[in-house]
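Chains A and B, in that order, give the protein sequences.
Taking the working numbering, I'd label the letters of the first sequence as residues 1 to 225.
Taking the working numbering, I'd label the letters of the second sequence as residues 1 to 317.
Keep in mind that the hints were calculated from the coordinates and are not lab data.
Predicted model, so just to flag it, every value in this text is computed and none were measured.
Ideal Cβ positions, reconstructed from N, Cα and C, are used throughout, including at glycine.
Among the hints, erroneous ones may be present.
[To be verified] For lysine-lysine, the following DSSO-like pairs were computed, each having C-alpha atoms within a straight-line distance of at most 27 angstroms:
{"#": "1", "chain 1": "B", "residue 1": "K198", "chain 2": "B", "residue 2": "K149"}
{"#": "2", "chain 1": "B", "residue 1": "K40", "chain 2": "A", "residue 2": "K139"}
{"#": "3", "chain 1": "B", "residue 1": "K88", "chain 2": "B", "residue 2": "K75"}
{"#": "4", "chain 1": "B", "residue 1": "K213", "chain 2": "B", "residue 2": "K79"}
{"#": "5", "chain 1": "B", "residue 1": "K117", "chain 2": "B", "residue 2": "K88"}
{"#": "6", "chain 1": "B", "residue 1": "K270", "chain 2": "B", "residue 2": "K79"}
{"#": "7", "chain 1": "B", "residue 1": "K198", "chain 2": "A", "residue 2": "K28"}
{"#": "8", "chain 1": "A", "residue 1": "K87", "chain 2": "B", "residue 2": "K143"}
{"#": "9", "chain 1": "B", "residue 1": "K38", "chain 2": "B", "residue 2": "K74"}
{"#": "10", "chain 1": "A", "residue 1": "K28", "chain 2": "B", "residue 2": "K149"}
{"#": "11", "chain 1": "B", "residue 1": "K149", "chain 2": "B", "residue 2": "K270"}
{"#": "12", "chain 1": "B", "residue 1": "K198", "chain 2": "B", "residue 2": "K249"}
{"#": "13", "chain 1": "A", "residue 1": "K28", "chain 2": "B", "residue 2": "K38"}
{"#": "14", "chain 1": "B", "residue 1": "K143", "chain 2": "B", "residue 2": "K88"}
{"#": "15", "chain 1": "B", "residue 1": "K198", "chain 2": "B", "residue 2": "K74"}
{"#": "16", "chain 1": "B", "residue 1": "K38", "chain 2": "A", "residue 2": "K139"}
{"#": "17", "chain 1": "B", "residue 1": "K270", "chain 2": "B", "residue 2": "K143"}
{"#": "18", "chain 1": "B", "residue 1": "K249", "chain 2": "B", "residue 2": "K213"}
[As the list claims (entries may be wrong)] Derived contacts from chain B toward chain A, CB cut-off under 7 angstroms, selection only:
{"#": "19", "residue": "L29"}
{"#": "20", "residue": "W31"}
{"#": "21", "residue": "F33"}
{"#": "22", "residue": "L37"}
{"#": "23", "residue": "R45"}
{"#": "24", "residue": "P97"}
{"#": "25", "residue": "P101"}
{"#": "26", "residue": "Q131"}
{"#": "27", "residue": "F299"}
{"#": "28", "residue": "G310"}
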Amino acid sequence: MKRQIPLIITFLIGTILIFSFFIPPMEKLEQTSTLFFDVIAVFAFFLGGGNLLRVHFNKLRRRKRDWGFSTVTLIGFFVTLAAGLFKIANPGGIAASPTTEGALLQEIFTYVLIPLQSTMYALLAFFVASASYRAFRAKNREATILLVAAFVILLGRTPFGMMLTGWMPDSLSVLQVPNLAIWVMNSPNLAGQRAIMIGIGLGVISMSLRLILGIERTYLGEEGA
Amino acid sequence: MLDVTFGIPLVVLSDVGQAISLLLIGGGLLWIFIRSLKAKEVDRRVVFLFIFFAVAAPILFPITFQEKATPIVKKLFDKVESLPAGSKVLIAFDFDPAMAPEVQPMANAFTRHCLVKGYKVIFMSLWATGQALLTQTLERVVKGEFPEKQEGVDYINLGYKAGNEGVLNVIVTNFRMMFPTDVNGVPLDSTAVFDGIKSCGDLDLIISVGGGKPGIKEWVLFVGDRVNVPMGAGVAAVVAPQLYPYYPKQLLGLLGGVKGAAEYESELVKHYSRFEHTDTPGLRMMGPQTLAHVVIMAFIVIGNISYFIGRRRERRR
Numbered sequence: 001m002k003r004q005i006p007l008i009i010t011f012l013i014g015t016i017l018i019f020s021f022f023i024p025p026m027e028k029l030e031q032t033s034t035l036f037f038d039v040i041a042v043f044a045f046f047l048g049g050g051n052l053l054r055v056h057f058n059k060l061r062r063r064k065r066d067w068g069f070s071t072v073t074l075i076g077f078f079v080t081l082a083a084g085l086f087k088i089a090n091p092g093g094i095a096a097s098p099t100t101e102g103a104l105l106q107e108i109f110t111y112v113l114i115p116l117q118s119t120m121y122a123l124l125a126f127f128v129a130s131a132s133y134r135a136f137r138a139k140n141r142e143a144t145i146l147l148v149a150a151f152v153i154l155l156g157r158t159p160f161g162m163m164l165t166g167w168m169p170d171s172l173s174v175l176q177v178p179n180l181a182i183w184v185m186n187s188p189n190l191a192g193q194r195a196i197m198i199g200i201g202l203g204v205i206s207m208s209l210r211l212i213l214g215i216e217r218t219y220l221g222e223e224g225a
Numbered sequence: 001m002l003d004v005t006f007g008i009p010l011v012v013l014s015d016v017g018q019a020i021s022l023l024l025i026g027g028g029l030l031w032i033f034i035r036s037l038k039a040k041e042v043d044r045r046v047v048f049l050f051i052f053f054a055v056a057a058p059i060l061f062p063i064t065f066q067e068k069a070t071p072i073v074k075k076l077f078d079k080v081e082s083l084p085a086g087s088k089v090l091i092a093f094d095f096d097p098a099m100a101p102e103v104q105p106m107a108n109a110f111t112r113h114c115l116v117k118g119y120k121v122i123f124m125s126l127w128a129t130g131q132a133l134l135t136q137t138l139e140r141v142v143k144g145e146f147p148e149k150q151e152g153v154d155y156i157n158l159g160y161k162a163g164n165e166g167v168l169n170v171i172v173t174n175f176r177m178m179f180p181t182d183v184n185g186v187p188l189d190s191t192a193v194f195d196g197i198k199s200c201g202d203l204d205l206i207i208s209v210g211g212g213k214p215g216i217k218e219w220v221l222f223v224g225d226r227v228n229v230p231m232g233a234g235v236a237a238v239v240a241p242q243l244y245p246y247y248p249k250q251l252l253g254l255l256g257g258v259k260g261a262a263e264y265e266s267e268l269v270k271h272y273s274r275f276e277h278t279d280t281p282g283l284r285m286m287g288p289q290t291l292a293h294v295v296i297m298a299f300i301v302i303g304n305i306s307y308f309i310g311r312r313r314e315r316r317r
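The shape of chain A in the complex, shown without the other chains (with noise of 0.2 angstroms):
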């Protein structure tokens, strides 16, 4: 019973969507099938948080290895959850949006938040640099065709492109680095992405049918058939 009533469940929903997206009278059904997805969203949020507390404060009792970093977390989490719950500074009371201008919940994503993950993104120019300057080696033929593609696109998406090939006259003006960097994106890299795309459409069709119908049920814990 305890494997039937998901199964069941998985079925009824699976099956219910499928036909409700190609048969209009049953639209309603599968706008309040989303919202009950929703409502399961909303308390996976809790189950995250609840989740996040219990490991942290685990690490914290047991003084595990770098069990500071947990302090800290553990302090951002309260701060940042009372400035957003009891809107605290919010100009505009208890009923306006938390992410008011001035709110402490906006001040500690603007002052905190964006620097610091702005900053981490930054970081990989840093190692795009190095890995670009190791790994593109003309080493073999493949290596070279990626090389040469890497060269276009770098050189076409700066102004230096255009300065140094913007004097071809018209007729040419398909091997002017910017068109080339185009040609690139629009034809091969088009190519390739589209059979990416396609492939994974029709994986997700087949990992869909399989949960549907029972195939699949690593996601109760078990070995797929």
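Since the structure of chain A is provided, determine the placement of chain B on it from the hints.
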């Protein structure tokens, strides 16, 4: 604004700074190039140092370039430009602070363009972190540059709603079922913006700005394709190649990374003189991006030279 520092005009200081920075970077690259002729590898810390200078120098001493919109950007600009006054445009802020430096300039440019054309703009976000970034745009761009525009009449902020594709799946047929009120608790029925709007099908244009999931792809699959609403998008550079298959049918145009933002901003400045003195972060960021690209290309060339020389030496042995 100060235009003099220690008695030296800023323009001169900037030019001197640019020249010194370019000399430093160019000289350093030349030195590494000479080393590469001896088949010597470059330590990655040296690469990091060069990238640091290449990015920092144009920030400290701004270098700007003229941008010309490529067709993929121009088409979207022209679409926004050609809508009739009073058209209803939805702008989705589906990004987080990590992506914001790259894509928020696009969102701000779209917002400026729509408001200057007199369209009714609906703002929303599928990302929890997007709502706070949307607030920044509302404060700085909408309220700061268009004080005459009224919330609820000229624009509306629906805020963030959890549920990813689920949210789209509902608003594609019924907005009010997912958003009975705006972010401030004002019922949608009492706002002028939502007059005549039941679902996404009643919109004239949807612009999604982002680079992750849920994002542009989900907007195309769950909304654009289903109700046949014109769509445009602005994305982080790393994601742009994945969205090319949707252009030009499902996406009218696509802004990819800082370059896309800079091209759109340059079009906006070209068409509307009121934006001549408006901050254009996309155009500003093209300086650091260009120099960083040049440095990366130089290192690729240097790496290959030292690789081939080293290989030739090994063969001789």
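>> Need the list of violated hint numbers for this structure, in ascending order.
In response: 9, 10, 13, 15, 19, 20, 21, 22, 23, 28
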